[in-house]
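Protein chains in written order, with our numbering: chain A, 45 to 1019; chain B, 2 to 246.
FYI, nobody ran anything at the bench for these hints, they're computed from the structure.
Mixed in with the good hints there might be a few duds.
Among chain A residues calculated to face chain B with C-beta under 10 angstroms, some are [what the hints assert, rightly or not]:
no., residue
1, L195
2, K198
3, D199
4, E226
5, G227
6, I228
7, F249
8, R251
9, E307
Pair by pair, the computed Cβ-Cβ distance ranges are [as the list claims (entries may be wrong)]:
no., chain 1, residue 1, chain 2, residue 2, range
10, B, D51, A, S302, 29 to 35 angstroms
11, B, H197, A, S142, 31 to 37 angstroms
12, B, Q201, A, K282, 56 to 62 angstroms
13, B, D51, A, Y354, 53 to 59 angstroms
14, A, Q263, B, Q34, 49 to 55 angstroms
Computed list of lysine-lysine pairs in DSSO-like fashion (alpha-carbon distance at most 30 angstroms, straight line) [said to hold, decoys possible]:
no., chain 1, residue 1, chain 2, residue 2
15, A, K276, B, K45
16, B, K45, A, K198
17, A, K276, B, K127
18, B, K65, B, K45
19, A, K198, B, K82
Built from N, CA and C at the ideal position, the CB exists for glycine as well.
Listed below, chain by chain, are the residues.
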Amino acid sequence: MALFAVLQTTFLLVLLPLGTYQRKVSSEPLPLTPESLKVSINSTCQCLNLQWSVHNLPYHQELQIIVQIQISRIKTSNVVWVGNYSTTVKRNQVLHWSWESELPLECATHFVRIRSVMDDAKFPELKSWSKWSSWEEVDVQDSLGHDTFFLFPKDKLVEEGSNVTFCYISRSNQNNISCYLEGIQVHVEQLAPNVSTFHLSRVPFVRPKGTNIFCDVTQGEDPKGTILYVSKVLEELKDFSCETRDLKTLNCTWDPGSDTALEIQPSQSYTLFESFSQKKKVCKHRNWCTWQVSQDSQEMYHFTLMAENYLRKRTVHLVFKLTHRVRPMTPLNFFLENINSTNATMTWKVHPIGNSTFLCQVELHHDGQIIQQNKVFMEMNGKYLLSEMEPDTHYLARVRCAYGNHFWKWSEWIGRKFTTLEAAPLAALDVWRNVKSVPGGYNVTLFWKPLSKFHANGKIRFYNIAVENLDKPSQFNLSILAPSNNTALILHKYSYQIRVTASNSMGTSPASVIVISGDLGDKDIEEERVKGTEDGFSLSWKPQSGDAIGYVVEWCDHPQDPLCGLQWKKLGPNTTSTVITSDAFRPGVRYNFRIYEVSTKWIASLLEKKTGYSQELAPSDNPKVAMGSLTSHSFTLSWKDYSTESQPGFIRGYYVYLKSRMEQCTSGFERTVLSDAPANCEHKIDNPEQKTFTVENLQPASSYEVFVTPYTSTSKGPNGTFTKVTTPDEYTHMLIRIILPMILCILFITIVCYFKIQWMKEKCYPDIPDPYKSSVLSLIKSKENTHLTIMNLKDCIPDAIEVVNKPEGSKTQPLGIGKSLTETEFTKPATYLYLLPTEENPSDPGPCVCFENFTYNQAASDLGSCGHIPVPPDAPPSQLGLLNSPENLLKTLEKDYTNTLGEISAGETSLNYVSQLASPMPGDKDSLPTDPPVPAQCSEYKMQMAVPLGRASSPPSEDSSLSSIALLDQGEHYR
Amino acid sequence: MQVQLIRRTLLGLVLGLLLLSTVAMGSCSGKYQVLLGQLQQQAKIMQNTDMLLDPYIRIQGLDKLNHKEYCKERPGAFPGKDALRGLSRWGFLQTLNATLGLVLHRLAAFQQKVCNLTKDKDQDWKTLCQAELYIRGIRNNIFCLTRLLNLNGSSEVFAPTWAGPRTLPWPTPSPGAFNRKIDGCKFLQGYHRFMHSVGQVLGEWEEGPSRTRRHSPFWAPQGRAGRTRPSRRAKRPMPRGLLPP
């Protein structure tokens, strides 16, 4: 126990001095503790600049230390950034460090403190953090001034795509402050009671005058704002290259990229630095710079091009040997000499570069294409022979050169255009003819194709035509000025040999020979159809004779034009087929081809005819169909005027469409559907020459619609209008057979009657002779027998009067209403007055001729040819008063004669003739006599009387047909 | 936009002809009515904001702001119509000449910056850059009219403007670029209003060079004998605003 107490005391005694030592160390400043920390603000870069020193370094040599920096905002506890800064330090050395704040430093108070630690393995005992320096506060708000609103940062310069934080200080306690970026409101967050911030991400370049950011603080006052200058990003330098043209000056070029100039930032500057010579040159231009080659035979160059603006630097390096960057200057004194039709000599010079040789490239161009290319080594004067050129052809000759010792780049071209001289035409013309027989000879038109440029060898001036009569040796020549390509000749009916040549300024072409035979030998050759394709017409033929020297296919490019556009193709003797192509071929146009065989005597004879379409089309129009032979069961369609030749395809036949109400198609037709029509019946005619068609098996008295359209191998014709057809009734035909003869018969009878009417009149109702005009009178007068005269009726004394009684009920009984007149009942039989009784039997009037006059009333006439109208003798005038007045009488006379009897009322029954000699039929009570009494012994007609149903008040006139009314007056006699 | 372009083109043509009519002849017209008519026409054209203010606003990007509200002339920046009417003809012309000189100076500074910056010159920029020539045309007519009015004995003639290099120093920048933009807008608004007043006052000069004393060319010159350019320290209404760069 005592031992334990001793050990404990000893241990405490050892620890006590150690603790005392440690207390001494801690009371003194540690050697690495930062001292004299000063913090300042750089508003331009929003930087906190720190400055401090380390006085108590234990050693004099330079030591590696790590400084830890802590930055707080608004209050010390709000640490916004902590970081280490490694550096070397000597005793009493003042250290600097800078921190860029995201938030403008004017908007918040910042606090900074630092501490350090030795970062050197040689002093492990100092490898512990020093004490923190005291917090250093930075606040510039008090120095801002007396304004009530501040917006930061002011006129800041950033690169495109940067993130920028803005803040404002408002001392006016305004809460409704709105801030805008180019007029667009931004979201604002409050940082402190009077400080707010807003953040802009990836700001774009807007304009060199900067992006406007402003806040509306007080209504009616100017906005408070700032400008954010957003610079385009300085691009990497591209295409940096240097070269010399004379080994004296280097010319360096590059692609500068976008200009980053702003109102507060000039365009990026370019500086050229050469490492070997340590020379530097500020370039005046944006994309090129010159460098004077040093005179000390510097071979190698190492250039650094640096582009720089306020925000960024870009560099690019280039190392080269001077003689490897030689590009000669453009050759000079370029000439073309000794130009003829196929050759020319070109000469040139180059600017000398020391004693170097040059490699030159020569090119010959024609129509934009290189036709010759060659390389030539030379020293100073170059020469090259251009050969194998074509006569009368435009060329471009040019040359460029490169440094001979080491190829870098060609110089620019130097060249000149020239034209070779002409030469005589190379080939014979391609000639063809068109021969038309005219009375007494031929009309020959010669055609030829212009020589190609290759064969013409210059400008063709004229064409020579030599015509030689083979039957009667004679010849004449013609000269046709170019560019004509045809001429017409009128020749007699002989054989002619025609030679055609072309001439230019240097000579004449070989002759092209053609022979016109005295006998055209036109043959009737059947035309054969060929089918064309997009590639043309494939034609083949059979050789006729074995000694043909060739064949010619002839056609017209524009067969519908009067000029036709004659074309031909010459083929060799062993060719029996060809494909005719032409850009002029159009779909729907029929082309006719004639194949000629050319004999050894250059006589062309027609071999075959072909016709076809490059592409057949649907018929362009439909035929106009005529209708005929219409019966109740059929009709015939005809379209004989329809021309199949003018159609855009070979007509293969026709479709006949029939529409009817029948569900089933008539025989020969099939049900089909047209494009825009209801179901139809269709009949196909396969023969294009058949242009009539009879539609049969139709229903009588039915309506049909019919339509005819042609078709080609492509399609049918266009839709058209259906023609309506109505079949007649089945019996109509028969009726016509019966009725027509009847009508003819009646007409015949009518005509006969018309011509025989005088005869009829004489037979039926001859004129009543006037006794006063009788010839008897003249005889009497001539005999002067004054005692003889005609008895006047007034002088007659009646000897018998029969009174007829008529019941009242019958007065108003209309005649014939529901009954015939024969059915009309009379209470008493009608009694007639026998005014002129015969001596023998007054009651028997004897045979008498009865005559009826229809003039007065048709109704009356209907009673019968000799009807006697009963006259009620006791009818009072009042009851007959309808005719009492003349007006009533006239009205009655004006009545329509077509009135039926039944329509005639009693009052309307106006006039009836009564025979003067009519005698009543005794015992006939009920009806008029069906067999009227025939007056006996009536040798002649008696005076007719009109008997009105009422008393006529007007006196009879002498001329009136009513003169017989006088009888009515007699009626008064028996009153 | 196309109508505006045509309008500007026509304006440019008219102003160009007016300028050429003075410059190309190499000497001043001796006809008072001709000179006065040209000045009136030039003033009428230059009161149009299409000439300066509108392109300025677009170039500065101020068209995104409610510029009609804040882009108002600062009171007193340019002489008012009544102040101009109160001047003698000589004084009026000198005031006008001095004001235009200030506008030219500010405009030239602005153009120099813009012209160097903008490679792809748009129509606004071209209009603004041509405005300098137009104002020089006005100043030439002022010079000629002043010389015509001065033929009766006054030696107070200031020299015509010339289109040589601009050597005047860059004005002291105001606190912030944004404020400078706004100030420039106000300045040009005042300028156009000023030219409107100038046109109205010139319209009252129809009678001819010899008038009452108040409008006499010899009224108001004090202590300027022998000078050929108008003094910037003359005690007459002068513009106080500055066009921003």
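Let's test the interface hint: is any C-beta of chain B closer than 10 angstroms to that of L195 (chain A)? With Cβ-Cβ at 8 angstroms, under 10 angstroms, it holds.
Classify the hint on R251 (chain A) as holds or violated, based on whether any CB of chain B lies nearer than 10 angstroms to its CB. holds (6 angstroms)
Could you check if K198 (chain A) really has its C-beta closer than 10 angstroms to a C-beta on chain B? holds (6 angstroms)
Given the hint that K65 (chain B) pairs with K45 (chain B), does the C-alpha gap stay at or below 30 angstroms? holds (28 angstroms)
Given the hint that K198 (chain A) pairs with K82 (chain B), does the C-alpha gap stay at or below 30 angstroms? Distance of about 38 angstroms is beyond 30 angstroms: violated.
Is the shortest C-beta separation between I228 (chain A) and chain B less than 10 angstroms? Result: holds, 8 angstroms to nearest chain B Cβ.
Can the restraint linking K276 (chain A) and K127 (chain B) be considered satisfied, given a maximum Cα separation of 30 angstroms? holds (23 angstroms)
When the least beta-carbon distance from E226 (chain A) to chain B is tested against 10 angstroms, hint result: Check passed: Cβ of E226 (chain A) comes within 5 angstroms of chain B, closer than 10 angstroms.
Are D51 (chain B) and Y354 (chain A) spaced within 53 to 59 angstroms by their CB atoms? Hint violated: Cβ distance 35 angstroms, outside 53 to 59 angstroms.
Given a hint of 49 to 55 angstroms, does the C-beta separation of Q263 (chain A) and Q34 (chain B) actually sit inside it? holds (50 angstroms)
Restraint outcome when D199 (chain A) is required to lie within 10 angstroms of chain B by C-beta distance: holds (5 angstroms)
Holds or violated: K45 (chain B) and K198 (chain A), Cα atoms, limit 30 angstroms. violated (39 angstroms)
Comparing the model with each earlier hint shows violations of hints 7, 11, 13, 15, 16, 19; every other hint is respected.
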